[in-house]
Amino acid sequence: MQKPKIRFKLFTTVLSILVVALILAGCQSKSLTGKKEMQEVIPVRVMRVELKDIYKTLEYVGNIKAEEEAVVYPRVSGKIIEKVKEDGSKVKKGDTLFYIDRDEVGLKFEKAPIESPLDGVVGRIYVDIGANVVSQTPVALIVYMDRVKIGLSIPEKYIPQVSLGQNAAIIVDAYAEKFKGVVTKISPVLDTDTRSAPAEITVDNKGHLLKSGMFARVSLIIDESKAVPIVLKESIMGKAPDAYVYVIENNKAILRNVKLGIRQDGYFEVIDGIKEGDAVVVMGQQRLKDGIDVKMEY
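Numbering (the numbering used here), first residue to last: 58 to 355.
Simulated from the structure, these hints should not be mistaken for laboratory data.
Keep in mind that this is a model prediction, so the values were computed, not measured.
When the alpha-carbon atoms are kept at most 25 Å apart in a straight line, the in silico DSS-like pairs for lysine-lysine are as follows:
#, residue 1, residue 2
1, K268, K235
2, K346, K309
3, K150, K268
4, K242, K263
5, K263, K206
6, K309, K296
7, K237, K122
8, K150, K263
9, K283, K332
10, K149, K122
11, K149, K263
12, K283, K113
13, K122, K242
14, K109, K290
15, K316, K296
16, K206, K268
17, K268, K237
18, K150, K168
19, K122, K147
20, K332, K296
21, K109, K235
22, K168, K149
23, K235, K263
24, K268, K242
25, K346, K316
26, K296, K109
27, K332, K352
28, K235, K206
29, K290, K316
30, K149, K206
31, K309, K290
32, K113, K214
33, K283, K316
So the derived label-pair ranges between C-beta atoms look like this:
#, residue 1, residue 2, range
34, E333, K268, 41 to 51 Å
35, P174, A284, 42 to 52 Å
36, D160, R204, 37 to 47 Å
37, D230, Y183, 26 to 36 Å
38, K268, N308, 51 to 61 Å
39, D176, A284, 41 to 51 Å
40, K149, D248, 33 to 43 Å
Glycine is no exception: its CB is placed at the ideal position from the N, C-alpha and C atoms.
Starting from the given sequences, assemble the full structure and let the hints guide the process.
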């Protein structure tokens, strides 16, 4: 008669164990779900959209030359007996640079001047006192430095995008600043070997910071947009015309399709899709989806 009671107690014990196990499993499941939900808050780095000017450019390199340069030769033969100007001296057209002693056996001459053929600066003195010179001997280099020029070769396919009066930005290694130049000459005839047109950029150089012989990097501006929204290229997902970015609103990631314009260095102009002040994700967007919670960092 005791066996049924024993069986009943055993059944109730097993049933209690199962109920407790199910309760614990449910609690654990809720705990895991909570953790999973917490993990859905994605940390991202953002930038605030600003309005800036942006340019489309063609990039070239070239050497700087003075706008005018003249190598000076003596008109007569003789010995340099007096040096009037030194390297770096300012000169006017007709200023004396040297005097030559034209003494010859049996003849007596007045000392003969060697004069500057143009206004400018003495760029180089090639001879010293006592040197014998003839009419073929270069004695000095005179340069006009108030403006300088840079020669370029424009490839055939870009010629339609370059015109007289077009602006250019000039960078040299010696200075941190950019210099402004203008296209002043484009050859109407192409070089048949390189299929390019010789062109010339002129730069105002009143302070003579730019020196003849400097290496310059030239950016020809062929298109520009003023005061437009720009974003870092790292923020762009997809490719035009299906490019998009993530914008953060109320700590949520919102997918925005964007229409892109000019690209300059590491930035894109955004023609449509975002506005000034928007918080655009620049790092971490690969893990995002529309509407997901995020934690922003700048």
